[in-house]
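S.K.: Throw the hints in and build the complete structure from the sequences for me.
The sequence shown lines up with residues 1 to 275 when you count with UniProt numbering.
Treat each hint with caution, since some may be false.
What the hints assert, rightly or not - Label pairs and their calculated CB-CB ranges:
#1 Glu169 x Leu203: 32 to 38 Å
#2 Met89 x Leu131: 22 to 28 Å
#3 Pro164 x Arg4: 40 to 46 Å
#4 Pro164 x Pro48: 52 to 58 Å
#5 Gly9 x Pro98: 46 to 52 Å
#6 Pro188 x Ser113: 24 to 30 Å
#7 Leu70 x Met120: 22 to 28 Å
#8 Leu70 x Phe114: 29 to 35 Å
#9 Leu126 x Ile46: 48 to 54 Å
Since the hints were made in silico from the structure, they are not lab data. Ideal Cβ placement from N, Cα and C applies to all residues, glycine included.
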Amino acid sequence: MKSRLGRTGFNALVAIIILYSLFPFYWVFKSSLESSFALNRQTSSIWPTQWTFVHYEAIFAVENFLRPLLNSMFVAGMATLLSVVLGSMAAYGLSRMPIKGKVPILGFILLVSFFPQIAMVGPLFLVFRHLHWLNTYQSLIIPYLILSLPITTWILTAFFSQIPADIEEAAMVDGATITQTITRVFAPIAMPGIFTAAILGFLLSWNDFLFALSFIQTPNMDTVPLALVNFRNAYYVHYGQIYAGVVIASLPIALIVLFLQKRIESGLTAGSVKG
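M.R.: What follows is the structure in structure tokens.
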């Protein structure tokens, strides 16, 4: 009886936490389906009083929201790819080679990820202006790489260290080369950590606002966060369009996380080692 009550209480607590976490997104989604008149009222209902998709139509027909989506997908994807490739190589060396001072090195790498973004804007702006890189994709990819590479390296180093080196040694004894051992034996086992690092790196890049605001100068180069801020003029803020843009911008993240979550679960099973 006690175990049943405890299980019921635990399930109720989990349900409350889930509802509490999802309620802000539901409110944004609900607001994106309401008319501008309903949004400007002093009181709001928990359910849309009048369903409309005019805000979704406006952000694509009037605001050309597709271009910021493509810009964000490109810069975030490139930064994530580079951080995973470079971070994997650095993490493999740190986890497998007998390097002195490995703990201080990892601590320094993690410390770099907490460096304030605002402190990097000024120096990067001067460098990009000298290189004529302002308002270009590389002016975003490089700063995003600065943000994502340290945390990617740190996560992958910790994950790679848990993979027994005996697996690679056995593969090389069977005649596999170093490249074959890494790509065919080590990489499939390491996929859970790689996908986890990719998720975090992509989220850091996708949600960035400060670097985009500092280095982007024309609307056709806007990323999603910067485009959402520009859904206003001198007299009026288009809250409905902002809500619709937030919903659309959140969908790629949700789909990517769900897709990678399945790969992580399968990778954890495939990566188990029998003693």
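S.K.: Look at each hint and say if it fits the structure.
M.R.: Now for the hints, and whether the structure bears them out:
The given range of 32 to 38 Å is respected by Glu169 and Leu203, whose C-beta atoms sit roughly 36 Å from each other. In this structure the supplied range 22 to 28 Å holds for Met89 paired with Leu131, their Cβ-Cβ distance being about 26 Å. Pro164 and Arg4 have their C-beta atoms about 41 Å apart, which keeps the hinted 40 to 46 Å range intact. A C-beta distance of roughly 55 Å is found between Pro164 and Pro48, which places it inside the suggested range of 52 to 58 Å.
Taken as a hint, the range 46 to 52 Å holds for the pair Gly9 and Pro98, whose Cβ atoms sit roughly 50 Å apart. Pro188 and Ser113 have their C-beta atoms about 27 Å apart, which keeps the hinted 24 to 30 Å range intact. At about 26 Å, the beta-carbon gap between Leu70 and Met120 stays in the expected band of 22 to 28 Å. For the pair Leu70 and Phe114, the beta carbons lie near 31 Å from each other, so the given range of 29 to 35 Å is met.
For the pair Leu126 and Ile46, the beta carbons lie near 50 Å from each other, so the given range of 48 to 54 Å is met.
When each numbered hint is compared with the structure, no violation occurs for any of them.
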